[in-house]
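Visitor: Order-wise, the sequence lines are chains A and B.
Reading the first sequence from the start, the letters are residues 1 to 351 in this note's numbering.
Reading the second sequence from the start, the letters are residues 352 to 657 in this note's numbering.
It cannot be assumed that every hint is accurate.
[Unchecked claim] In the DSSO-like style, the derived pairs of lysine-lysine whose C-alpha atoms are separated by at most 27 Å in a straight line are:
1) A:Lys207 <-> B:Lys615
2) B:Lys545 <-> B:Lys355
3) A:Lys123 <-> A:Lys176
4) B:Lys355 <-> B:Lys426
5) B:Lys545 <-> A:Lys295
6) A:Lys204 <-> B:Lys615
7) B:Lys617 <-> A:Lys207
8) B:Lys545 <-> A:Lys270
9) B:Lys437 <-> A:Lys200
10) B:Lys615 <-> A:Lys200
11) A:Lys76 <-> A:Lys3
12) A:Lys127 <-> A:Lys76
13) A:Lys200 <-> B:Lys617
14) B:Lys617 <-> A:Lys344
15) B:Lys599 <-> A:Lys344
16) B:Lys420 <-> B:Lys360
17) A:Lys343 <-> B:Lys650
18) B:Lys615 <-> A:Lys343
19) A:Lys343 <-> B:Lys355
20) B:Lys650 <-> B:Lys579
21) B:Lys617 <-> B:Lys653
22) A:Lys344 <-> B:Lys475
23) B:Lys617 <-> A:Lys204
24) A:Lys200 <-> A:Lys343
25) B:Lys615 <-> A:Lys2
26) A:Lys176 <-> A:Lys2
27) A:Lys3 <-> A:Lys16
28) A:Lys12 <-> A:Lys113
Quick caveat, the hints were computed from the structure, so don't treat them as lab data.
As the structure is a computational prediction, the values presented were derived from the model and not from experiment.
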Amino acid sequence: MKKPLLEVKNLKINFKTYAGLVQAVRGVEFTLYEGETLAIVGESGSGKSVTSNAIMKLIPEPPGIYADGQILFEGKDLIPLSDKEMSKIRGNDIAMIFQDPMTALNPTIRVGKQIMEVILKHKKVSKQEAKERAIELLRQVGIPMPEKRFNQYPHEFSGGMRQRVVIAIALAADPKLLIADEPTTALDVTIQAQILELLKEIQKERKTSIIFITHDLGVVANVADRVAVMYAGQIVEYGTVNDIFYNPKHPYTWGLLGSMPDLNNKSDEKLFAIPGSPPDLTNPPKGDAFAPRNKYALAIDFEKEPPMFKVSETHYAKTWLLHEYAPKIDIPEPIVRRMERYKKEAELSES
Amino acid sequence: MNHKLLEVKNLTQYFGSPSNPIKAVDGISFHIFEGETLGLVGESGSGKSTTGRSIIGLYNMTDGEVIFKGKNVHKIKSKKEQKQLKREMQMIFQDPYASLNPRMTAGEIISEAFDIHGLYKNKKERQERIVSLLEAVGLNREHMTRYPHEFSGGQRQRIGIARALSLNPSFIIADEPISALDVSIQAQVVNLLKELQEERNLTYLFIAHDLSMVKYISDRIAVMYRGKIVELGDAEEIYHHPIHPYTKSLLSAVPLPDPILERKRKRIPYVQEETSDFASMHEPLPNHFVYGTDEQLNKWLKQAQL
């Protein structure tokens, strides 16, 4: 049986603002096992970045408030830890790759020194050893001529190369958990593909667990073992990557899948867009937060929040449509058609 | 449909010192038919945005010609004709946060252009035009007096679209109009652009790096790499039978929302081949253009089994 590395239980995070209390994360629960990749998908404002920052304890207090819940890392709750205790874990056991490689590096410090900084902080090594290790890391993340690059400043690197440096820094102390917050969003597709390959290679070699935050379902299909779909501060669907892509149950997941055209979409068919925009979390709607945008919403959706319904051992979804009394609604046509087309393509490439 | 609305000939845009210029756009030629959407794709730095901006006149072109409705845009001298041209050609910008003046209401932003062009008879008509534009992009009368910060990203982009439509243009350059938006909102905006195109017989130059969206919205596609168009053709052709190795590489990098296909995917890296001075545009298949030398083309065609 696989061992859980990270367990997040009923996590609630609020922010005090002038407009009122924003309930950014409203009871998130998930488990991450050793060596696997969990993708958290959602739109901006869905709470995915707040969740990941919370695991790193990077939520500023105030205005942030850890209102409820536990973050168990190897069985130990991180929430009550002091800043000092946390700084031993941060960068060492849990490391983070940020979205924008242009701002994640210090422009006035040579990249080599920025990598060494982490090694010297967390490992008992001499400066010379740290330097050797930093150069080795640069080599591992695929930077050519690492000895020369070691002494360069961030502006001398391209966007993709900078993101490799950011990854090298994250890997410097050999963390058990890597949180990647939209690591490829700012990059070109060709560079994105390279970075995704690199992350997968690293995971294979080091057995690192990865939390991958993104809004791009194509990227999710590429990297994830399991997927959590977030909406309005909650996980609305949770399952293996196959569950989510081949048997999605939540109308929001349908919407996300449908709103992404793929290379085979006929241009005369309309995209399956989700109408409206996400709710204001200072005042989350009563019942199912997605109901106002959901064309399959039932009367109860506007009254009572749905529980997580179990679809299978691995697959859960938070929608009243899964209740035994709910009318049977099938996955929308365009998505089914696409799945069938992909199936054929997959078979074709098999033969 | 086979009437050329816009023709670009040898468009060249250099920046920096004339002795050692940065060749952002390096002599490209293409045309856009009336009522169609031409997608322009490429990585950052390929010159796709510069192309759009040069066409509409936000930069002074280093060399080349832009011919719109049979007239050379840069040779128009009379003020009246210039004004007319500006009505015909409009732009939608990438960042809906930076492209709207935060101190103007949505109504003011939309009406600014027709105030300048004097396109209404009285206040009532002006008001009606603003409302009809707001409604055309899925907003309503109440939004007229609000400021940009009161809108979400998707709504802001709708205001940007309404502004572009305000002078009843025939041609719109959309420079990455959806890349700053969330996935579900992207689909809304793309659907809106398609509806407007049908209703108003608009012609689009759609610039983006998101290949799946470009494929979806475009009739034809031009692929740019380092200031050159390396391949141009029918959207279906480009996607299913790419010839230029860069196009192949770009296509192989697009992630698909399907785990099984993703696991099998093989990325094709692009090794840049030196293109000598003999390189030029070829038309190996009808209406499918590829940039390269004769030898390169023969090799690529063999690889593509054509």
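Visitor: Run every hint past the structure and note whether it holds.
Guide: Cross-check of the supplied hints:
no.	hint	verdict
1	A:Lys207 <-> B:Lys615	22 Å, holds
2	B:Lys545 <-> B:Lys355	20 Å, holds
3	A:Lys123 <-> A:Lys176	15 Å, holds
4	B:Lys355 <-> B:Lys426	19 Å, holds
5	B:Lys545 <-> A:Lys295	22 Å, holds
6	A:Lys204 <-> B:Lys615	17 Å, holds
7	B:Lys617 <-> A:Lys207	23 Å, holds
8	B:Lys545 <-> A:Lys270	9 Å, holds
9	B:Lys437 <-> A:Lys200	50 Å, violated
10	B:Lys615 <-> A:Lys200	14 Å, holds
11	A:Lys76 <-> A:Lys3	14 Å, holds
12	A:Lys127 <-> A:Lys76	32 Å, violated
13	A:Lys200 <-> B:Lys617	14 Å, holds
14	B:Lys617 <-> A:Lys344	18 Å, holds
15	B:Lys599 <-> A:Lys344	21 Å, holds
16	B:Lys420 <-> B:Lys360	14 Å, holds
17	A:Lys343 <-> B:Lys650	33 Å, violated
18	B:Lys615 <-> A:Lys343	12 Å, holds
19	A:Lys343 <-> B:Lys355	40 Å, violated
20	B:Lys650 <-> B:Lys579	20 Å, holds
21	B:Lys617 <-> B:Lys653	20 Å, holds
22	A:Lys344 <-> B:Lys475	58 Å, violated
23	B:Lys617 <-> A:Lys204	18 Å, holds
24	A:Lys200 <-> A:Lys343	24 Å, holds
25	B:Lys615 <-> A:Lys2	26 Å, holds
26	A:Lys176 <-> A:Lys2	15 Å, holds
27	A:Lys3 <-> A:Lys16	36 Å, violated
28	A:Lys12 <-> A:Lys113	37 Å, violated
In terms of the numbered hints stated before, the structure departs from hints 9, 12, 17, 19, 22, 27 and 28, listed from lowest to highest.
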